[in-house]
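Trainee: Protein chains in written order, with our numbering: chain A, 1 to 242; chain B, 243 to 351; chain C, 352 to 796; chain D, 797 to 915.
Simulated from the structure, these hints should not be mistaken for lab results. Certain hints may be false.
[To be verified] In silico SDA-like pairs for lysine to any residue, Cα to Cα no more than 25 Å straight-line:
{"no.": "1", "chain 1": "C", "residue 1": "433", "chain 2": "D", "residue 2": "818"}
{"no.": "2", "chain 1": "C", "residue 1": "433", "chain 2": "C", "residue 2": "405"}
{"no.": "3", "chain 1": "B", "residue 1": "339", "chain 2": "A", "residue 2": "125"}
{"no.": "4", "chain 1": "C", "residue 1": "433", "chain 2": "D", "residue 2": "854"}
{"no.": "5", "chain 1": "B", "residue 1": "339", "chain 2": "A", "residue 2": "12"}
{"no.": "6", "chain 1": "B", "residue 1": "339", "chain 2": "D", "residue 2": "855"}
{"no.": "7", "chain 1": "C", "residue 1": "429", "chain 2": "D", "residue 2": "855"}
{"no.": "8", "chain 1": "B", "residue 1": "339", "chain 2": "D", "residue 2": "854"}
{"no.": "9", "chain 1": "C", "residue 1": "429", "chain 2": "D", "residue 2": "800"}
{"no.": "10", "chain 1": "B", "residue 1": "339", "chain 2": "A", "residue 2": "54"}
{"no.": "11", "chain 1": "B", "residue 1": "339", "chain 2": "A", "residue 2": "4"}
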Amino acid sequence: MLLLMLVSAGMLVAGLWEILIFREFGPMRGVFVQIAGAAVLCAVGTVLARNLIHSALYLVAFFFLVACLFIMLEAEFLAVMQVLVFIGAVAILLMFGIMLTQDVQGDQVEAHSVLRRLPAAIVAIGLFVMLAVAVQQRPDFSKARTERAAPSVAARERVLNQMPQELGLDLMQRWCLPFELVGLLLTASLVGAVALAQPVGSLSAGSDGTPSPGSLTETPEHLSREVAGGTHSSSRPDLVSP
Amino acid sequence: MSQDVPLNWYLIVAACVFVIGLFGVMTRRNPIAVLMSIELMLNASNLNILAFWRLGTPNPGEAPLTGVVFTALVIAVAAAEVAVGIALILVCYRVWKSADVDRYDSMLG
Amino acid sequence: MNGLWVSIVAMKMAALSEPVPWVAWFLWLFVGFAGLFPLLVAYIVWGERKVAARFQDRIGPNRVGPFGLLQSIADLVKLLFKEDFTPARADFLIHALAPVLMLISAMLSLAVIPFGFGSVSMRNDPVTGVLRPTLTGFSAVDLPSGVPYLIAVSSIASLGLFLAGWSSRNKYALLGSMRSVAQMVSYEIPQVLATVPIVLWSGTLSLTGILDRQVETGWYVLTPPGFMAFVIFMISSFAEVNRAPFDLPEAESELIAGFHLEYSSMRFGLFFLAEYMSMFAVCCICTTLFLGGGAIPFLAFPRGLLGGYVVVDLFLNLITILVFSLKVGLLIFLFFWVRATLPRMRVDRLMAFAWKLLIPLCLVNLLIAAIWFEIVIRPVAGRPDGPGFLQWWIGFGVTALLEVLAFFGAVWLYRQDSEHSLKTWRSSTGSKPSIIAWRSVPTKV
Amino acid sequence: MILSRYLFIGMLLLFAIGFAVAPLVLIRIIAPRRPTPHKGQTVECGLETQGETWIRFRLQYYIFALLFVVFDVETVFLYPWAASYVSLGWYAFVEMMVFLAMLTVGLVYAWAIGALKWQ
């Protein structure tokens, strides 16, 4: 009963808040204010949450809200991509990363000190004020754009409905080089991260036990040396977990 | 439809998120939390790019999807960054036995 | 209070200047998503128990209602009256959030699936740009990027899974969820890569568009690359929805129950609902992408009958919905069959199977799909009668040959990897490989 | 247009949340709740649970998640390519093959050093 009353009270407050926003800004802007406000709150939660998994969860909510903003900007393929890459992949990777470093997952959370936060807050707020002033003073492009011949609704509609196709064309023709560079970057990060993360002992000693000759799991000699030398291992073997 | 929402609002929100991410980078001591804050900043920049693309392109006929392409590339870069970042954090954790950026104070390896 | 919300909704509706199919949407929400789909899931559960019983020479549920038809309802009522309870050390909010996430992911993926065909409209052909009559799907919405939307939505489930294990603070649950997330992310890649040839051939990411192209050029499963993609898609779907033989996360014999170990009463019920709903969704996706959706086999039914003009919409809808559900039913039966037949896989083989066999095969399959596109689809783009007989068979022969080569090549490569070849297994252990572990009878509720 | 389609997705999202939360609220009302200290303990086949649950996990999980992220991003770029393949020439095919070949090199590397092995 108490719960129900709480829920209904919360709904009442939320409803009044919505009415207020909608009266003030109009429906579209009202929705924007709600989504953006929630996104900022989630960002604050990410930064302040003491438990890292909670922090990651706030981050996930933030990613989702940013995807909503992308939809409001009519870039739906990117919104889907945002969910797919950030929530589906990056968040999972972050959570696995958290599970792999022991000190941080559970109740042992970091202590916040005012000494760290105060200067940081001053710097951050200062930067925000600068940015806000800059934003307010810049020439209004959107007005300029509407004055210039805006693309017809039908043309825009067509582009937006064919967004993935158009994006593919653009990516393959105009932005071919950045696209290939991203491929290179992904490969480099894949190789680098795998090489870094591989436990050093297992690399030089062959993965486990006795790999049969000619098998693909056997580590090439030069490769293992390179990788082992590339990380920190050889100088401080006592600090390296097996 | 979405032209109702002015460009400035998007820019302010992005600036706000960026600054929050910056605050996180400066105050958090856990490297993974720092990485998350960097993600916040990257997303803020993405939001900026898209807002400029949609609402502020001076000449929309010329390059209809430039902003979208750039955002897609930034998303890919962000993913790669997290992947390598966490690998580095794991190595640091292995070496220093601690997940605290303040303790990573030597370059001896 | 109600008045308040009604006025808010009215304001939001008024904000949209363009016509929005509110009636259809509310029908979808309150008839489809609130009534029909959960009911369907309940009867899928009942069907699975009946089928599993037949496979094991039992009778199955037969007490509640005729043929045990009300068994699932009874189970639901039972779950509602079980003690609601969270472990003392669990993270309360996240513990409640996890099943909600799973259910959201399953429900959202049903939003874009065309359950049959709707009316005909004039649209631009994605290949030629010519205006031509196009079938619309009978789906709640048709998104221009429907396929990645499906993938994105289904990837939310792995987050829910992880949170379920983490928040329970139970070693078995955590281990189960870590394993299952690793499994889900591994099998998501071949699943996604298997849909790329479909997109390549259709030239669109919208599911309705894909269906429309399929009706024109024939079902994609009937082409060699399409068949390979279909098989890979089905295999990885088994892993994606945590079904046997990939049900390691809930391996009863090793992990007690896996990620939902600490869940009881309706919280567990939500997991259960989400699992079966996502199985249903995956079968629907597969039918749409590969099996021609609501098209009748060996008849160019909707298009041939229409000839570009509208017949009685309702009749068309009903027939195609019926055909669609038959196909989905067959796929679901496949799920049951596999579960009743195959033993559970070992975890190392599971990962190796995805990364070392399926993904290389998918990449090669993409190449072959491009060849098929060049031989069969591109030359006849825009022609109403589709690919010619000779052309089709030349394409079929070439790609089938390449597929066979690719398949044996991939298997050879996989076998080269010493760890998985049976020969080294025998020589190292001195006994027959015991990949088969006897499983208990699958009874879940 | 775009927005109105996603309006349904948003409605469905809210609906799904409601649909999932409603039973949770319902069981708080109708289901019995009699927590005891023993009931609240972690299930471990009747044994007392030993040590911390949130332990450090093996590296293998991270490697697979990492590979997943990279290939996920790749597939996200594959979709627009595939969708616009019709109107592109052979160079797009070559471009994508170069892209895929680079990622395959990464996969082969991971395979060769044994990172794909579940230990």
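Trainee: Each hint needs a verdict: does it hold in this structure or not?
Mentor: Taking the hints in turn, this is what the structure says about them:
1. At roughly 16 Å between alpha-carbon atoms, residue 433/C and residue 818/D fall within 25 Å of each other, so this suggested pair holds.
2. The straight-line distance between the Cα atoms of residue 433/C and residue 405/C is roughly 30 Å, outside the 25 Å bound, and the hint therefore fails.
3. For the hint linking residue 339/B to residue 125/A, the alpha-carbon distance of about 34 Å lies beyond 25 Å, and the restraint is violated.
4. In summary, the hint linking residue 433/C to residue 854/D is not supported, as the alpha carbons are separated by about 37 Å, beyond the 25 Å threshold.
5. With a CA separation close to 50 Å, the supplied pair residue 339/B and residue 12/A exceeds the 25 Å bound.
6. The straight-line distance between the Cα atoms of residue 339/B and residue 855/D is roughly 15 Å, inside the 25 Å bound, and the hint therefore holds.
7. Restraint check for residue 429/C and residue 855/D: the C-alpha separation of about 42 Å exceeds 25 Å, so the hint is violated.
8. Between residue 339/B and residue 854/D the CA atoms are separated by roughly 15 Å; this keeps the pair inside 25 Å, and the hint holds.
9. Proximity of residue 429/C to residue 800/D is assessed by CA-CA distance (about 40 Å); at most 25 Å being required, the pair is judged violated.
10. For the suggested pair residue 339/B and residue 54/A, the alpha carbons sit about 23 Å apart, so the restraint of at most 25 Å is met.
11. Distance hint between residue 339/B and residue 4/A is unfulfilled; the C-alpha atoms sit about 48 Å from each other, more than 25 Å.
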